[in-house]
Amino acid sequence: MIIDISEWQDPAKINYPLLAKQVKGVIVRVQYGKNYEDFAYKKHLAQFQTLAIPCAVYAWVRGHSIQEMKEEARIFYQRAHAYQPVFWWLDVEEQSMANMRQGCEVYRQTLKACGAKKVGAYIANHLYQQFQLDTDPFDAIWIPTYGRNTGTFEGTLPNATKNYQLHQYTSNGRLKGYDGPLDLNRLNGVPFERLFGSSILIQSEQKGALTVRTFQLDYPIYLRAKPSVASSAIALLPKQSKVVIQNIHFADGYVWGEQPRADGTKGYLALGDFKGFGRLLT
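Under our numbering, the residue at position 244 of the sequence shown is numbered 1081, and the numbers go up by one with no gaps.
In short, the hints are calculated from the structure, not lab data. Do not rely on the hints blindly, as some may be mistaken.
The calculated lysine-lysine pairs, modelled on DSSO-like cross-linking and capped at a C-alpha distance of 30 Å, are [said to hold, decoys possible]: (1) K1063 with K907; (2) K1103 with K949; (3) K1076 with K858; (4) K999 with K861; (5) K1103 with K880; (6) K1103 with K1079; (7) K861 with K949; (8) K999 with K850; (9) K1079 with K871; (10) K850 with K907; (11) K949 with K1079; (12) K880 with K955; (13) K850 with K880; (14) K871 with K850; (15) K871 with K861; (16) K1013 with K880; (17) K1013 with K861; (18) K861 with K954; (19) K880 with K1063; (20) K850 with K1076; (21) K1013 with K1063; (22) K1076 with K949; (23) K907 with K1103; (24) K879 with K850; (25) K949 with K880; (26) K880 with K861; (27) K871 with K907; (28) K1063 with K1076; (29) K1063 with K955; (30) K1079 with K1063; (31) K1063 with K871; (32) K858 with K879; (33) K1063 with K999; (34) K1103 with K861.
Could you build the full structure based on these sequences and the hints that come with them?
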């Protein structure tokens, strides 16, 4: 299950731990043009990344000129890069300039030049032919078509193109943890890892009687003072960090890695869900 969300999904109304148990990836809106910053994106990204859900980001494209397209892309990157999203998406649903093909390509190039590794385009199905975007340079294409928009996938597919990797099939989905409509998406012929990265890599070595494990992070994760989603954050560990874990704990439905700190304290990061086959007693 892949969802995309924005400030329309009020963080105050979301039970993030419950919702996170039902999704594998999240795409978060950062901005609507250059002047409007989504007020909820920081909260959404922080919460889902804390819960070890890989997160991508998107921005509604509104540039009226080549220069504005460049500026929008730079602002998008400045706002989101600290979260090290796994994918960057251009949301193309508005004819903001005469030559959208040229404008969106400049936007893509600018994001790449800023440091974005993977850049895709969300293109409205009914405007696909009108925009005539050059989709070849993009790392993936995302197309919406809803059919009856019942909240489930009923087989209605995009008809503007067969070249897409992600399909938004409803804006009326329902999942536990949020009492409101959600955009739901399905992959089209590509592995999840292509759009959201691979799982955490693990290396092990023996040091005396204790097994020391080194985790390399494929997406940012918060290091916390206690093994709890409610605990205060010590730091946001960036993507590609190598974290030494000397113990594990089970709390709040998650497996937590214990990291020894240089000052003698310990930090904890959520490594994934713990569902188990029974109740942990000791």
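A quick look at each hint next to the structure:
1. K1063 with K907: violated, 42 Å
2. K1103 with K949: violated, 37 Å
3. K1076 with K858: Holds, because 22 Å separates the two Cα atoms, which is no more than 30 Å.
4. K999 with K861: holds, 24 Å
5. K1103 with K880: At roughly 25 Å apart (the allowed maximum being 30 Å), K880 and K1103 satisfy the hint.
6. K1103 with K1079: Distance of about 16 Å is within 30 Å: holds.
7. K861 with K949: OK: K861 and K949 at ~25 Å, within 30 Å.
8. K999 with K850: Cα-Cα ~37 Å, so violated.
9. K1079 with K871: violated, 35 Å
10. K850 with K907: violated, 35 Å
11. K949 with K1079: holds, 25 Å
12. K880 with K955: Answer holds: K880 to K955 is near 23 Å, not above 30 Å.
13. K850 with K880: Within the cut-off at roughly 12 Å; holds.
14. K871 with K850: Status holds; Cα separation ~27 Å.
15. K871 with K861: holds, 29 Å
16. K1013 with K880: holds, 19 Å
17. K1013 with K861: With Cα atoms ~14 Å apart, K1013 and K861 stay inside 30 Å; holds.
18. K861 with K954: With a Cα-Cα distance of about 20 Å, the restraint between K861 and K954 holds, given a limit of 30 Å.
19. K880 with K1063: holds, 20 Å
20. K850 with K1076: holds, 28 Å
21. K1013 with K1063: Between K1013 and K1063 the Cα gap is close to 26 Å, so the pair holds against 30 Å.
22. K1076 with K949: Holds - the C-alpha atoms of K949 and K1076 are around 17 Å apart, at most 30 Å.
23. K907 with K1103: Violated: K907 and K1103 sit about 43 Å apart, past 30 Å.
24. K879 with K850: holds, 15 Å
25. K949 with K880: holds, 25 Å
26. K880 with K861: Between K880 and K861 the Cα gap is close to 18 Å, so the pair holds against 30 Å.
27. K871 with K907: Given pair K871, K907 holds - Cα atoms ~10 Å apart, limit 30 Å.
28. K1063 with K1076: Status holds; Cα separation ~21 Å.
29. K1063 with K955: violated, 34 Å
30. K1079 with K1063: Distance of about 20 Å is within 30 Å: holds.
31. K1063 with K871: violated, 38 Å
32. K858 with K879: holds, 20 Å
33. K1063 with K999: Distance ~48 Å between K1063 and K999 Cα, so the pair is violated.
34. K1103 with K861: holds, 28 Å
Hints 1, 2, 8, 9, 10, 23, 29, 31 and 33 from the earlier list are contradicted by this structure; the remaining hints agree with it.
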